[in-house]
Structures are given as structure tokens and as C-alpha cells.
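From just these sequences and the hints, can you work out the full model?
First to last, the sequence lines map onto chains A and B.
Under our numbering, think of the first position of the first sequence as 1, with each following residue one higher.
Under our numbering, think of the first position of the second sequence as 1001, with each following residue one higher.
One should not assume that every hint holds.
Chain A stretches covered by chain B per the calculated footprint, using a threshold of three residues with CB under 8 Å from any CB of chain B [what the hints assert, rightly or not]:
hint, region
1, 29-42
2, 45-56
Listed next, the in silico DSS-like pairs over lysine-lysine satisfying Cα-Cα at most 27 Å (straight line) [said to hold, decoys possible]:
hint, chain 1, residue 1, chain 2, residue 2
3, A, K153, A, K198
4, B, K1007, A, K153
5, A, K99, A, K149
6, A, K153, A, K67
7, A, K198, B, K1007
8, B, K1007, A, K149
9, A, K149, A, K198
10, A, K67, A, K99
11, A, K98, A, K149
Everything labelled a hint here was simulated from the structure, so no lab data went into it.
Quick reminder that beta carbons are idealized off the backbone N, C-alpha and C, glycines included.
Okay, here's what each chain looks like letter by letter:
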Amino acid sequence: MMEPSPAAPPSTVAADEGDLLWRVRHHDLAAGDELVRRYHGRIYNLLYHMTSNREDAEDLTQDVFVKALSALHRFRGGSTFYTWLYRIALNHGINFLKKRGRREMLSLDGLDPAVEHDPFYVELRARESPVREASLGELQIRLNAALRKLSDKHRTVVVLHDIQGLPHEEIARMIRTSEGTVRSRLFYARRQLQQALKEFAP
Amino acid sequence: MKCPLGKEMYGLPETDPRYAEVQAHLRSCFMCRARWDDQEAVRQLIALKRYEQPAPGCEARTLAAIHTRVAAQWAAAGWWQDAQARWYAERFEPVRLALAAAAVLLLLGGGYYLVRPSGSSSPARPAPALALEDQRPLPHPDSPAPAATGLPPMLVAASNREPVRMDYGPGPSVPVKYDY
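As C-alpha cells, then:
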């Protein structure tokens, strides 16, 4: 099974990160803005895929960055800033979901038209499968609904690995567990997703 | 390779040393192969979610909101630090000065106590005056017997009011009072 390529390796953007962090610690707002710009996309996507609600994801993203920038003096450098920030976002997202429960409606982001050229999607459409009949919007709703049925632990690893493309090793560091546990959770989560999406999954 | 594959074997990255062994097993085991393919299909299906894109302006909106909130927090933190310093100066500065003055006085007092002249604090008690009425030097044992004074060798007190000296040998006698 191919390991998906990560969205952007943190090492490539971490060249002058130490300097940025130092400036933020000394209340330099411009440095804070730069850090937010660097990680906004990934943190927003993580929270959006966890909540399946764009308004909640936007609010949570703000909270996560405000919390991180205000508590930067507690970042000891034991991990990369990227891992530390992701950990804050994960905890914040999971706490939010616990409070919210299952009441919230889906509020989905738009789909990039490039999805229609995705090799897997093209293959699905070519098969005798409900995907051929279903609209992209319908498929999107089904995927999000299925993801929301997972437990927090299972949803977290699916979002981080299958959607965001982080390697098992990185996920294990973020959620402070072993790589074997990450793969094991992924196995069970996909089995559940397969049940929920059985008419779409081949 | 154990069959069926352990759940932690699914999704092994190609860099893992067990990957080749797992692939060899998958080539020969239909059941494990089917399960592996199911997992992969679900992964690819759910990965279509990555095409969901935030609305335009989302980043700018979030950035502006974060900027405002963090700036307010930092300003509040600065105000709070100033207020703490002011309160400290107003409430604790006089107390601190008084404490410092008391400490200086204590040090000075303690220092003086330690380095004072030794006789100044407790003047030596004057030696008691000799109560002996007779302070004549003792006669040398080889010296000749005292010259006859005309008194008998032992004087018997004639009165019990006046102390009398009683000589019992060559040494001086101790005046004895019979005032009892």
C-alpha cells in the first residue's frame, strides 16, 4: 500500500522558524502573522475534516492560533513547532466535538473541480457503481457523514493519514502513541468506513 | 508470515523492513489480498475529501481576526504587568523601605554588640575589702617567737561585745567576735 505524500514537509519551511518564534515571544505581531500564514491551510483543513463544518473550523482555527501564539513561551522545542501546533489543534478539535455532540449539521466547503480528473474518481465513475449516478455533492455528503460516525480516535488518524497525507511516524508523535497503534486504528476505521460507504467502495 | 496479517501490518510503508515480506504473503494469500485491497479502496475514496477547499477570503478573514485578538491579549498582558508594577510600588515600596531601615539598624546594633570593648558592658565587680582587721604579714616559720607583749599567750575575752584576737601559735590570729 502506497504511503500518501505529505501535504508539505515541515522541514522545508522551518529554515527561519526559530527567528520567527523568538520574535513572536517578544510580541512581534508581524512575525505572528507570518506563522499564521504558514500553517493556516493545514490547521483549517484538519479542523474542517474533523468537524465537517466550515464555520466551526474557521472559529476553531482562530482559537488554536490565538492559543498557540499566546502560549508560545510554553513551547520548549521538544518537537517541531508544526507538531506542537497540530497537537493543540487536535486537542481543541476533539474537545469541541465532545461538547457539540452530534447535533451539528454538515456545512461543507466547495469541491475543487480538479476532483473530476482524480484517477481514482475517474475509475469509480467508469465502473458500474452508484458513483456513476451520484453527483459529486452527494458523494461529498456521504463521505463527510461516514467520517462523522467514527470515534474521535479513529477519525483523527483517518484525517491525518488518509486525507492530509501525514506519515504514520509523524501521527504517532502527534498523538503520542506507537506507529503500530496508528496503523491498527486506521485498519478499524477503514473497516467502519467501508460499511458506511459500501455502495461506493468497490 | 502469520496469516491472516495482523491489523498493524496493513498500510506498512515501503520503507519498513517487513514490507517485502508482507507483499510476498499477499501474492500467495487470496484472503489477505482482498482485505488489503478493501483497505486501499476506502483510503482512496476518503482521500477525495482533500479536494474540499475553503471559501476564498477564509485565510484573510481568519488572519485579521487572529491579529486583532492576539494584539488585544498582548496589550492586556502589558497593561496587567504595568498595573502590577504600580500596585507593588504603591503598596509595598514604603513597607520595603521600612523593612530595609530596620534591617540596617539591626545590623548596626549587632555589629556594635560584637565589636564593643570587653569591659564596657559589665564593669568588673570591685574586690571586696579585706574584712580582716589584722593584716600583718605572716611571720616566717624560722623567725623568733614574737616578743612578749605582756599579754598571756591566750587572751580570754573579757567582754563578748568587743572582738578580741586570739593567738594560738606563731601565725596571726583571726579576730573572733563573741557577739552572739
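_Contradicted hints - numbers only_ = none
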